[in-house]
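Chains A and B are the protein sequences, given in the same order. Just so we're aligned: 21 in this note's numbering is position 21 of the first sequence, and the numbers increase by one with no gaps anywhere. Just so we're aligned: 1234 in this note's numbering is position 234 of the second sequence, and the numbers increase by one with no gaps anywhere.
Misleading hints may appear alongside valid ones.
[To be verified] Some residues of chain A that are not near chain B, with every Cβ distance over 12 angstroms (derived):
| hint | residue |
| --- | --- |
| 1 | Ile130 |
| 2 | Arg135 |
| 3 | Asn257 |
| 4 | Ile260 |
[As the list claims (entries may be wrong)] Taking lysine-lysine pairs in the DSBU-like style, the calculated list, with each CA pair at most 30 angstroms apart, reads:
| hint | chain 1 | residue 1 | chain 2 | residue 2 |
| --- | --- | --- | --- | --- |
| 5 | B | Lys1150 | B | Lys1130 |
| 6 | B | Lys1119 | B | Lys1130 |
| 7 | B | Lys1150 | A | Lys5 |
| 8 | B | Lys1006 | B | Lys1253 |
| 9 | A | Lys5 | B | Lys1109 |
| 10 | B | Lys1127 | B | Lys1092 |
Derived from the structure by calculation, the hints contain no laboratory data. Backbone N, C-alpha and C define an ideal beta-carbon position, used for all residues, glycine too.
Letter by letter, the chains look like this.
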Amino acid sequence: MSGLKSAVKRMSQLLIVLLGVSLVTFLVSHVVPGDPARMLLGQRADAQTLENLRHVMGLDKPVWLQYFDYLGGLLQGDLGISIRTQRPVLSELLTYFPATIELTLFAMGFAVISGVGLGLLSAAYRDTPIDHGTRVLAILGVSTPLFWLGLMVLLLFYKHLGWLPGSGRLDSFINPPTQITGLYVLDSILTGDWVALKSSILHLILPTICLGYIQLATIARLVRASMIEVLEQDYIKTALSNGIPRYRIIYRHALRNALIPTVTLIGLTFGELLGGAILTETIFTWPGMGKYVVDSISFLDFPAIMGFTILVATIYVIINMVVDLLYPILDPQIKG
Amino acid sequence: MEPLLKISDLHVGFLSYAGVARVLNGIDIELFPGEFLGLVGESGSGKSLTANAVLGLLPARSAVISKGSIMFEGKELIGRSEKEFQGLRGKKISMVFQEPMNALNPSYKIGKQMVEILKLHKGLSNKEAKAEAVRWLTQVHIQNPEKVVKEYPYELSGGMRQRVLLAMALSCGSQLLLADEPTTALDVTIQAQILRLMKETADQLGTSVLLITHDLAVVAQTCQRVAVMYCGNIVESGPVTKVLREPRHPYTKALLKALPNPDSETELQSIPGSVPNLLSPPAGCRFHPRCDLVKKTCRELRPQLTTVSENHYVACWREEDHV
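Bound-form chain A, shown alone (with noise of 0.2 angstroms):
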């Protein structure tokens, strides 16, 4: 019973967030000086005919009936139509997505394992120079804009070197895997394609590291400072006095407990993800929802935007419900 009980809580929460962030952005857009229609249509247009396609489009009611029929749209899975592509901004989304989510989970993966990893070397060898060596890689990684560190890698790793691909998803010459999921790693497995597997994995990596590496360094100065604060607790000095190896102390006792305050963390990084792929994939031309926006906003394309905030605002509230729903399996004090 409570269970159900605090599942419709839960969602109840879910509906009043997205409320808001649909409110918000809906108004954000409408305030800002631009006329979609003339967009359109071009400087040359006639007054009638922008006066026909703004009524048409629906711009020429009061904004607050304007987001009225938008909110009676979104409550049947209508995102509106696309005023740049003239498709529904739902599936074109959705053709977007699977490319982004597949970026956000591999930088997502490389922050969490080599964030944490990073945290419980540097928390393990407190104050020498492993201790050091990660603090520096830590501090580059919050302070470097990423645009900046995204050209770099793109200069040394693509055109200087040549090792690595800097633009799109798969080589040119190769034929995407079936689409199965619409993440070509994982449909290249399941579908044996390995030619498309490897292009894949080497299109993925400096995208990865460069949407991830902010993010990776956040982990690994939480997880440290946890870790630290952990090893100080007197269950770990019990530990040691009954002769549990050091390295087990470490991996078994302390990292479980440091775990609690970075899982908050990874879940709200997910949501800096999905907005940090924005800019990831501009740089390496990244077929994905980023990239779409970008067009869709030099456009003024309203429903677009709107569309792509309401996606990634739902996402990163369901997370976040996945994150409250981890803390009672990672802390016994916690009850779900």
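Based on these hints, arrange chain B on the given structure of chain A.
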């Protein structure tokens, strides 16, 4: 009889920015098999540090053992590697700490934490270790041990947790138990229960116990011998009855006078002054600035432990005057 643990002339210093703090200044302790030895002294006198030194748990980067030896079962412990210490800890020498509330890992069930050590030190299978854990919980008088092994630490009271910790400490057959203020954090009725249990279990298994406490009443109840520590030195040691009834060292006397006594009409007496700064401890006897009976020698030379009667040792220059 050979002592199980023999600490002689142990000097431990801590490096700090202000210099070296000489926290243990040449202490001597002997503990015989099956014996309960109380180690008393105020906070900061070096009691816990002594226990940590025995287990090799001194902070490696700041603590320095400059002199002395710690013999356990006739073998030197100082200079052993971390790996050798790991083999001793929990298997031959165990420790119970002051704060039971936080001394068990909050993320694992009681049974799992006990099983881990049993598997590590006794090489038992999972199933055997589980049975052994239940048996040990029964041994420390925990009701419903089958249920408790499946519980998390937060589901147990402080007294229960201390019982579990005691069971864990003894479960692999340690000959020496270092109990660092094991009852200080518990309320008085539970304190008495835990002490009784410790005594009963240790007597049954023949375990020697070094009981660290600042509570003379606890010593009187449980120990055969007591060593009084002041500022990194043992100032007096001997059988509990002797030391508590006929204290010889001015510090021990002052400690006993500072015990509240409900029948007494006189006001409670405190020891004037405070524990000296260990970065620049007083020369000679470290107690001399607070001592009523101080004389010239006390300010210049450190007194050594000397026999005053059978097994009763005192480190005080005033003893010369009695002879």
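Discussion item. For lysine 1150 (chain B) and lysine 5 (chain A), compute the direct alpha-carbon distance and say whether it is at most 30 angstroms.
Written reply: Given that 30 angstroms is the threshold and the Cα spacing comes to 28 angstroms, the pair holds.
Fill in: chain B versus asparagine 257 (chain A) - minimum CB to CB distance exceeding 12 angstroms, so not interface
Given a closest Cβ separation of 6 angstroms, the condition is violated.
Worksheet item: Does the claim that isoleucine 130 (chain A) lies off the interface hold, with its Cβ farther than 12 angstroms from every Cβ of chain B?
Response: holds, 15 angstroms
Worksheet item: Within a Cα-Cα threshold of 30 angstroms, do lysine 5 (chain A) and lysine 1109 (chain B) meet the stated pairing?
Response: Status holds; Cα separation ~28 angstroms.
Discussion item. Hint check: lysine 1127 (chain B) vs lysine 1092 (chain B), CA-CA at most 30 angstroms. Holds or violated?
Written reply: This hinted pair holds, its Cα atoms lying about 23 angstroms apart.
Discussion item. Using Cβ atoms and 12 angstroms as the threshold, tell me whether arginine 135 (chain A) really stays out of contact range of chain B.
Written reply: Holds, since 18 angstroms exceeds 12 angstroms.
Worksheet item: Against chain B, does isoleucine 260 (chain A) keep a CB gap of more than 12 angstroms to every residue?
Response: violated, 9 angstroms
Practice prompt. Below or equal to 30 angstroms on CA atoms is what counts here, so check lysine 1119 (chain B) against lysine 1130 (chain B).
Written response: Distance ~10 angstroms between lysine 1119 (chain B) and lysine 1130 (chain B) Cα, so the pair holds.
Item to complete: Compare the distance between the alpha carbons of lysine 1006 (chain B) and lysine 1253 (chain B) with 30 angstroms, and conclude whether the hinted pair is satisfied.
Response: Holds, because 26 angstroms separates the two Cα atoms, which is no more than 30 angstroms.
Item to complete: Mind checking the alpha carbons of lysine 1150 (chain B) and lysine 1130 (chain B) for me, to see if they're no more than 30 angstroms apart?
Response: holds, 11 angstroms
The structure fails to meet hints 3, 4 from the earlier list, while all remaining hints are met.
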